[in-house]
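With the hints as constraints, model all of the structure from the sequences given.
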Amino acid sequence: ILPNLWNERLKKVSELPERIEFEVTEQTQIDGPRIYIKSNDKAYKLIRELSLPNITYISAVKLLDNNGKVFYYFRLFADYFGDVQHPYTIEKEQQEIDELENTEEKKVLSRARIGQGKYREELLKLCPFCPITLVSDDRMLIASHIKPWAKSNDFEKTDPLNGFMLSPTFDFMFDRGFLSFTDDKKSILSPFLSKMTYSKLGISDGKTFSHLPVDGRKEYLEYHRTELLKR
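Numbering (the numbering used here), first residue to last: 5 to 235.
Some clues are possibly wrong.
Said to hold, decoys possible - With a straight-line cut-off of 20 Å between C-alpha atoms, the simulated PhoX-like cross-links for lysine-lysine are: (1) K129 with K222; (2) K199 with K66; (3) K211 with K155; (4) K204 with K222; (5) K66 with K42; (6) K199 with K234; (7) K190 with K211; (8) K46 with K16; (9) K46 with K15; (10) K211 with K199; (11) K49 with K16; (12) K49 with K15; (13) K204 with K190; (14) K234 with K189; (15) K190 with K155; (16) K155 with K222; (17) K189 with K222; (18) K66 with K234; (19) K234 with K190; (20) K211 with K189; (21) K211 with K234; (22) K222 with K211.
No lab work stands behind these hints: they were computed from the structure.
Shown next as structure tokens:
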């Protein structure tokens with residue numbers, strides 16, 4: 005049943021233009037802290053049909069055109085809000101490691117996957133503190149891959165230049181594509197978190213982080229901006 009359902013919905017989405025417009029109305033008669041909306045347009049009904057609890061979420065961004073008219077930009081994301089990585093991804097990564105015959109290589113890759121061992125040690129030598137918060141207590145730092153472990157080749161998985169040492173909050177943001185960096189050390193913030201949220205976290209778009217180590221990492225950063233950053 006599931007493969008048929010997948011193909012049916014994939015066909016619907018594939019036939020749509022890249023941008024679809026629809027109207028929604030606020031359900032003002034419903035009380036509560038949330039905003040409820042409804043729409044009879046097919047595009048909105050399709051979004052509701054595609055959404056799955058705990059797997060997808062909708063980001064809504066308020067926009068103004070040059071004439072001051074308000075639009076709302078809805079975008080559906082596939083994501084997982086349980087562990088930092090989806091359990092299937094973790095299982096697949098570990099299976100790839102287990103299939104290796106070299107025991108020492110297994111150990112190195114297994115620890116590199118979770119940002120530990122030699123990979124972490126070498127990265128700490130290059131980045132002894134978080135370039136955003138300047139926290140230097142390594143107990144509070146996470147060895148974060150720039151190009152994700154699952155997408156990296158064997159060299160990239162253990163390359164200390166494919167990583168930053170980040171404080172947990174910014175590691176999460178960087179890993180989820182809410183934050184990236186330019187080659188000249190400026191922050192790039194995704195529009196899919198609010199400016200208020202970023203403000204409370206003490207970070208702004210285009211802010212220069214002079215301690216961000218970019219030498220040798222520009223190719224990895226290009227991948228992160230292109231493939232991970234939510235735009």
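Mind checking the alpha carbons of K49 and K15 for me, to see if they're no more than 20 Å apart?
holds, 15 Å
Compare the distance between the alpha carbons of K222 and K211 with 20 Å, and conclude whether the hinted pair is satisfied.
Holds, because 18 Å separates the two Cα atoms, which is no more than 20 Å.
Compare the distance between the alpha carbons of K46 and K16 with 20 Å, and conclude whether the hinted pair is satisfied.
holds, 11 Å
Could you grab the alpha-carbon distance between K190 and K155 and see if it respects the 20 Å cut-off?
Not satisfied, since the Cα-Cα distance of roughly 24 Å exceeds 20 Å.
Within a Cα-Cα threshold of 20 Å, do K46 and K15 meet the stated pairing?
Given pair K46, K15 holds - Cα atoms ~15 Å apart, limit 20 Å.
CA of K189 to CA of K222, is that 20 Å or under?
At roughly 10 Å apart (the allowed maximum being 20 Å), K222 and K189 satisfy the hint.
Check the hint pairing K190 with K211 against an upper bound of 20 Å on the C-alpha distance.
holds, 5 Å
Quickly compare the C-alpha distance for K66 and K42 to 20 Å and report which way the hint goes.
Given pair K66, K42 holds - Cα atoms ~17 Å apart, limit 20 Å.
Would you mind confirming whether the straight-line C-alpha gap from K66 to K234 stays at or under 20 Å?
Holds - the C-alpha atoms of K234 and K66 are around 16 Å apart, at most 20 Å.
Agreement of K199 and K66 with the hint, judged by alpha carbon distance not exceeding 20 Å
holds, 12 Å
Under the criterion that the straight-line Cα-Cα distance not exceed 20 Å, is the pair K199, K234 satisfied?
holds, 15 Å
Against the 20 Å threshold, does the CA-CA distance of K129 and K222 hold or violate the hint?
Status holds; Cα separation ~19 Å.
Violated hints for the displayed structure, listed by number in ascending order: 3, 4, 15.
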